[in-house]
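Going down the list, the sequences are from chains V and P.
Oh and the first sequence: position 215 is 546 in the numbering used here, straight run, nothing missing.
Oh and the second sequence: position 199 is 277 in the numbering used here, straight run, nothing missing.
In short, the hints are calculated from the structure, not lab data.
Heads up, a few of these hints could be off.
[As the list claims (entries may be wrong)] Below are the EDC-like pairs computed for lysine to aspartate or glutamate, each with C-alpha atoms no more than 20 Å apart in a straight line:
1) K711/V / D619/V
2) K711/V / E530/V
3) K114/P / E423/V
4) K484/V / D139/P
5) K484/V / D102/P
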Amino acid sequence: MSDNATLAPDIVRLTSVSKHFRVRKDNSLKDRVVHLGRLGKSFRRDFVAVDDVSLTIQAGTTVGLLGANGSGKSTLLKLIGGILSPSTGHIETRGRMAALLELGAGFHPDLSGRENVYLNASILGMTREEIDREFDNIVEFSGIGDFIDTAVKFYSSGMYVRLAFSVAIHTDPDVLLVDEVLAVGDETFQRKCMDRITEFRAQGRTIILVTHSAQQVAELCDRGIVLKDGAVVFDGETREAIGALRDVLEGRRVGEAPPEQTVHPIQVKRVELLADDGSRTKTVNEGDPLTIRIHVDSMKPIERWELGFSIDTPLGHMVLASNTEMLEHRLDPIAGPVSVDLRVAAVNLGAGQYYVNANAAGVSEPSSHGLAQGALFTVKTREEVTVGTVAASVSIAGSSYV
Amino acid sequence: MATMSEESAARFARISELPYAVVDVTGRRSTGRLGKVGEILGRRDLLNLLVRRDLQARYRDSFLGFLWTVIRPLIQFLMYFIVLGQFLRAAEGIDNFAVYLFSGLTLYVFFNDMVFGATGSILQNGGLVKKIYLPREIFPLASIGGAGFMFLVQLGVLVVAAMLFRALPEPAEMLWFFPSVILITIYGLAIGLLLSALNVYLRDIQYLTEVVLMLAMWGAPIVYSWRMVQDVINRFQLPEWVLDIYAANPLTIAVLGFHRAFWGAGTAEDYPAQLGLRMLIAGVVGLVLLVISHRVFTRMQGNFAQEL
C-alpha cells in the first residue's frame, strides 16, 4: 500500500467543502406567498450536512465513509459524485466515475430488458459501441437469458436487481461510488457484489463506500473516514477507524439516553463491561476473562426473577448467551436497583466487534424487559491467522501425498 | 497490494494525465472545450435513447400507437374548424381556412409540447437526478426532442393536407418555415429549461404553465387572422403601439411566419410589415433569454437531488 501511495495519482480532492441545507415546510406557491418575509423564517430550517471537509484520495484505494445516521456520509458521497453542489469549497475529480447508488435507477418498466440495458449503460456513461461489445457479457452475467426481450415490469425483483447490477459492473469506472447498496439482495447476491468489488480493487480502481457495517469496512477498505455531524473526526487506518466509529456511536448513545425513570415493573438499566481488575473496558484480548455487570431496577418487590445476556456480532448473529435459569442460580428478591455480575472466564471469540444484550424477567410477577446492544466491545486476537467468530489456534501440521 | 498489477499501473498512468473536473457552488464544471454544450453533445447517445424511451413508452400497449400523435391534433383541428370556422364564421374572412388553422395549430402544439414536457421533465426523472450525475439539461432536452418528433409527424400531415387543398405558396415563400421553427425552438428551450428547474422547487409551476399555454394559444393568430386584430384595434380606436405589442409576441411572429410558409392564400395585408426583421429581433432576444435561463438552471440544479 505504501508502494502504491507514492505511485498513485490523486483522483479525488476536496477543499474545505461544506453543504448547508434549507428545509422548508411549505412547497406550494400559496404557502410561499402566505409565509413571505419574516414569518417565512419559521418555516425554514438550516442545517449543516457537511462541515468544512478537506480530503485527498489516491487512485487505487478503497475508502470507507463511516458514521451514524445523519452524519453526512451519503451527502459527502453525493457531493463527490457531482449530484449535489457544495455550498462552499470545491471538489475535484477525474477519471470515469460510476455510481452504484441504487440499482435500476432509470429502468423503465415498459421497456424490454434489452432496451433498458442500453439506456442504463448509457446513463452510466458507456458509448453505444462499448455497450454493443459488452452486451452479451452483461446478459450472461445477469443470468436473465431469453427474458432479455421481455418488458422489465414482468421481471421478478431478483431478475431486476441482477440485470441492473450486471450493467453497473460492466461499465469500466475509475472511481466507483457505492452507497449502502451492498445491504440489499440475498446472501448470494451480496457475495457476488463483494467478489466483484475485490476484483475491482485488484484492477486499481478507486472505490468509495458508504456503509454502516464495520465488518464490510474491515473486509474491503484500505482507509476509513469517520464523520460526525458532517465533520471528519477520524481519517486513517481501517481498524482504528472502526474504533473511532465505535466511540462516535457510543457517544451518541450516551447523549440520547432515555430518561432514567423506571417504567417497567422490572427493567434493565444498563450494561457495563469490566476487566478482571474491576476497571471498565471496551477491548478484550482473546482468552481473557470478561465480567458483564447488568444493572436492574424494579418498581415493586419481585420475589423470583431471572437475568440473562447474549453476545451478538454486528450482523446480529448470536455467538454466546446464558442466563440464571441455565446456570441454576437463584437470584435474591429484587426491590430496587441492583447490579449482577456475570463472568465469562475466557472470551474465546475471534477478532471483531460484539454487542452485549441483556434481559431480565420476573417469574413471580410476570414482566420482562430487554436492553439490546447495551454495550459494545472489541476482541483482539494474539495472532491474526484466523477470521470468524471463534478463536482457535490454527497451524499447518504437515502435508503428505495420499 | 505490494505488487501492482500492470492493469493498475496503466490505469494510474492514464489518470495522472487527466484534468480535474471541478464541482463547486455553481455545480459541476465540465472539462471539455465546449463546456456544457460539449458535455451534452458527448452524451447525445443518451439523449437519443431518452427521447426514444419517452416515445416508445408513451404508446406502448396501445392499439393505434403512433397514430395518436396525429389523432389528437386532428380532433382539435376539427373542433376549431367546425365551431369557430363555420358556426362563428371565422372562416369567412380567411381563404383556405382549413390549412390556415392547421398550420398555426401545428406550430402551437409543438411549442406547447416543448414547454409542457420540459417543465415536468426533471420531476419525472427524479429517480435519476437523485442518484447519478448527468448534465441535468439532458432531461428537458430529451422532452423537447420528443416534442420535435411529434412535430415532424404532424408536419407531414400538414404538407399532405396543404398539397391536397392546393394551398402551398411559391417554393421561395416556403423558406419562412426555417426561421419560424428556429425561433419557436429557441423560446421553447429557454422557457422549458427555466420552468423545469423552477418546477422542482415550486410544484405549482406545472399547473400554471398549463393555464398560460392555453392563453398563449388565443394570444397568437391561430384561429383568427392578423387582419381581424387590426380591425378590432381600429374599431376601438386604440393607439398603434397596441398592435406592436401584440406583434412582439414571439409565438405570434413564428405563427405568422409559418402561415407564410404553408398558407398560400395570404396577401401582404395578412402580415405585419418587416416580418423578417421582427423575427431577427425576437430571435436575438430569445437567445439572450436562453443564456439567462441556462444560468438560472445551472444555479438551481445544485440542490435538485435534495429537493426531489
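Okay, the hints, checked on the actual structure:
1. K711/V / D619/V: 10 Å, holds
2. K711/V / E530/V: Not OK: K711/V and E530/V at ~28 Å, beyond 20 Å, violated.
3. K114/P / E423/V: 17 Å, holds
4. K484/V / D139/P: 13 Å, holds
5. K484/V / D102/P: 39 Å, violated
Comparing the model with each numbered hint stated earlier shows that hints 2, 5 do not hold.
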